[in-house]
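K.L.:
Given next are the chains, with one letter for each unit.
Protein chains: 2
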Amino acid sequence: MRVDQAVRSLRATRTYAPTPIDDERVGRWVDAARWCGSSKNSQPWRFVAVRDRESLRRLSGMGDFARHLSTCQLALVLVAAPGPYPFSRAFDLGRVAQSLMLLAHEDGVGSCVAVLEPRANLIAAGGLVRAPEGWSAELAIGFGHPVGENASSGPSPRGRLPTAELLFWETFPARHDALR
Amino acid sequence: MRVDQAVRSLRATRTYAPTPIDDERVGRWVDAARWCGSSKNSQPWRFVAVRDRESLRRLSGMGDFARHLSTCQLALVLVAAPGPYPFSRAFDLGRVAQSLMLLAHEDGVGSCVAVLEPRANLIAAGGLVRAPEGWSAELAIGFGHPVGENASSGPSPRGRLPTAELLFWETFPARHDALR
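Residue numbers (my numbering), protein chains in the order written: chain A, 1 to 180; chain B, 1 to 180.
It should be emphasised that the hints constitute simulated quantities derived from the structure, not laboratory data. One thing to keep in mind: the hints can contain errors.
Label-pair ranges, simulated between beta-carbon atoms [unchecked claim]:
| no. | chain 1 | residue 1 | chain 2 | residue 2 | range |
| --- | --- | --- | --- | --- | --- |
| 1 | A | D22 | B | E24 | 40 to 50 Å |
| 2 | A | R28 | B | E170 | 15 to 25 Å |
| 3 | A | A120 | B | D52 | 16 to 26 Å |
| 4 | A | E24 | B | I123 | 43 to 53 Å |
| 5 | B | R2 | A | L161 | 44 to 54 Å |
| 6 | A | R28 | B | I123 | 36 to 46 Å |
| 7 | A | W169 | B | D107 | 13 to 23 Å |
| 8 | B | G83 | A | R158 | 14 to 24 Å |
| 9 | A | E24 | B | D52 | 48 to 58 Å |
| 10 | A | P84 | B | R25 | 31 to 41 Å |
| 11 | B | A174 | A | R25 | 19 to 29 Å |
Glycine included, C-beta positions come from ideal geometry on N, C-alpha and C.
Turn these sequences into a full structure, and let the hints guide you.
P.N.:
What follows is the structure, encoded as structure tokens:
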């Protein structure tokens, strides 16, 4: 799948077929995604692949939008390294997560992010995957082959802002506040 | 370019050929990247394309690793919407930035992120692009056609951790602290 096609067609997938995702495939995604850039090449990420049903059920209760984790075939818990730069760390996790989801999409596998929150859940998730002291289990991505018209089944409004309301030249237009 | 190939081969590009990047191409990148998922579909991003040499020179002084912005052909300043969830916002910016850089890479255009910091610089950058009150110019991505062995010219150590040190199954291994 071409990058342009993958980027345009990736949607959150929250309903999954019972088709398993094998270890080799997950390994390939991480092996590609690990080339993602990060602040000072810190690679502030580890990935814990969770298939255990009881662990998935527990993770699915650890965020307001985590319910799909209970039915996914596999979740990757993204565990962030300790460090002083919260913006860069979250930004870098977003970069590597997008790579992982695009790679899965190319393989016909859907995904959906669940941010683990509030802080008590993040700590509980860290305990579940036995994250070392100081590391934090910030989010989990559920993966599975999509079922039906799945992309439209999310809790959020669909659609996206048009490019004309997102891309400006040199400066924001004076009328920006009116656009919102 | 296949997703897998693009994800594996994308590297930070900090030295740029004088080949211009036309408006239509930038528009296509944003038109594809805008389909990126975000927390509650908030799409907490705007993109300001900067080509003005004096603006680029000023941006290049607004972060410790922003120097390449002075010589890029075009910078996209990513401006974040106001909002109460700093983790999700930074994570979502990372997702959309990764899409943009992969799209550019597919077109043969290199890129490199510059986080704008500290806070005074972020405010100065917001002023430069006339970001509305409350919005913040968190980072800029420099774009340009790569020159030579460019990927190796960065200030950070090269290479990446092997998959075996990044991907675990069900839980972290007990030996993880020893690996670091």
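K.L.:
Which hints from the list above does the structure break, by number from lowest to highest?
P.N.:
As far as the earlier hints go, 3, 5 are violated by this structure, in ascending order.
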